Amino acid sequence: MRGSIWARALLEGPCDAGGFPPSVVVCDGTIGGRPYRTVAVVPNRGARFPRARNGEFGLDEGLAVARAVRGAPPGAALISVVDVPGQAFGRREEAAGISLALAASVAAYIDERRRGRSLFTLVVGKAISGAFLAHGMQSGWIGALNDREVEVHVMPAASVARVTRSSAAEVARVATVVPATARDIATFASFGAVDDIFEVVDANAPAPDEIEAIRAAIDRAREAGLGIRAPLERLERPEAARRALARDVRARIDKAW
Amino acid sequence: MQRIVVERAGGAPVTRRAHVGAVASGNLEVLCEPPAGAGARITVETSVDGYEPIWRATLERFLERNPIAAAIEINDFGATPAMVSLRLEQALELAR
Amino acid sequence: MTPALLRRSYVEATPRERIEALVDAGSFREILDPFARCSSPYLAEQNIVAQRDDGVVIGRARLDGRDVAAIAVDGRFLGGSIGEAGGAKIARALERARDGAFLLLDTGGIRLQEANLGLLAIAEICDAVVALRERAPVVAVIAGSVGCYGGMSIVAALCSQIVMTRVGRFGLNGSEVIEQEAGIGELDARDRPAIWRATGGIRRVEQGHADILSGDDLDELAGALRAAFAAEPNRERLSLERLRRCFAQEAPA
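Going line by line, the protein sequences match chains A, B and C.
Taking numbering that gives the first Met the number 0, the leading residue of the first sequence gets 0, the next gets one more, and so forth.
Taking numbering that gives the first Met the number 0, the leading residue of the second sequence gets 0, the next gets one more, and so forth.
Taking numbering that gives the first Met the number 0, the leading residue of the third sequence gets 0, the next gets one more, and so forth.
Source of the hints: derived by calculation from the structure; they are not laboratory data.
Predicted, not measured: the structure shown is a model, and the values here were computed from it.
Just so it is clear, CB atoms sit at the ideal spot from N, CA and C, and this is done for glycine as well.
The hints are all genuine.
Within a straight-line C-alpha distance of at most 20 Å, the following computed SDA-like cross-link-like pairs (lysine to any residue) qualify:
(1) A:Lys254 / C:Arg28
(2) A:Lys254 / C:Asp32
(3) A:Lys254 / C:Arg36
(4) A:Lys254 / A:Glu235
(5) A:Lys254 / A:Leu244
(6) A:Lys254 / C:Phe27
(7) A:Lys254 / C:Arg59
(8) A:Lys254 / C:Phe34
(9) A:Lys254 / C:Ala35
(10) A:Lys254 / C:Arg97
(11) A:Lys254 / C:Arg95
(12) A:Lys254 / C:Asp66
(13) A:Lys254 / C:Glu94
(14) A:Lys254 / A:Leu234
(15) A:Lys254 / A:Leu231
Not close to chain C: a few residues of chain A, all C-beta gaps over 12 Å, as computed:
(16) Pro21
(17) Gly32
(18) Pro34
(19) Arg219
Could you build all of it, start to finish, from the sequences and the hints given here?
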């Protein structure tokens, strides 16, 4: 339940905005006296869709996150607290159109950011595939805990070997030569995708000084206007040296267009 | 992964660029351009190892029948010799 | 007359043939064609031969005179999956588009072999679609045999209009993946009629998740594409109230 722990711990004062399903924790509070809303997706054993009970981003989560984002109090910045094992895999989800649930969430984040609302993300656990696309990747500032369970990828580790019909050893080898396939946060950060990594002793029990450090970083980032930056702006930052290929493609398109 | 290069001196240069095919299972992509120097040079990149003699035979036969000067790049994913020849013919048709 | 014009089927046509058939005659100018060699440097290490256009075709074209970006994902190469180079092509084409864009989406989503670079690219593409659709049509066409899955299905859902055929499927996770993750009791990937009934073009248009249903014929699709460009952007597709009602219908009793 890291998501809910951090969603609450990040803000000053008691919080808990009501009216959301148990799988989406929404808190309103402040940091440095300025208003924020945190949003986390968490496990809900009693969820009505059986394939979305372990913290997966499913149909109801997409709608609830979209509602939480669009309904954030005026002037509040958003903090997406991310620990999601992925999107929900199920026949009901596909029949219902889960792509649209994720898109509703993405659209909410993008629309709010384009209207001037600052978006921040703190990755406290897993950030996988569609779930991360829908909840967290549209932020102008992305921070993460330096913890073994923090990982970014497009598929659970066990599935990768199976789908590529290779061994776990081969998958591990590929991760060392193709950093894009590595799961750890430091490697993801080497693509310029992460703004700050925070040391914590126990990611499930944040210490006051650890919380303070993150609050201060978010407060500084908000002050500097970093929360409204668009994803494509990351490409031009010096930290994104490793994305030279993408930059080169874009420059060549510009010449030819 | 295997890389194979076949060259042949002489031949009439192709005048245009041509591209056919795709890197899908049993398929290949062919990029054909006017030559850098004289003669024909075909470079093959394939994910299916162990067929060099067949590649050479297929490509040399193609160049025998079509004495062109060209720079040809083949990206292969397990195409049969017949498919390889077909794609080369298609590319040549567009490149002449 | 090119062979494409004799073959009237979208499914049988290549990505370039599809674009040529859909836009104003002779108006398509490809940008970063295979000879630009913007291919993936990450695949050789994984024993995969790279396709020179990285499985994405982009360019400029006219659609009833409009100056639009044409984008087509090649479903033949690695299941139409999106890597760093192809993803950058899509995003930049959307940013450069003047009077709108259309995307022919025959894609399984993020390319596993490039994982997080594909993930970053798709986040950028989502942003580019939303930015463009504020001022011009962005139309997704889902009509190929691969369907539109994964992160790219999120992209499609953000578009102003979606054109589908009965062949096209629009979903997030493919049936094989669901069967793997959840077991055959959840979904039998071999039951193709059931899969199309649930995620195919007929069902999606009926649900209101997609907008226009066309036949596979390229002329008919060209008309459908123009109709999509002329139509009002669909602001209801992602309406939370509409989705709540749709999802309630699928909830277990």
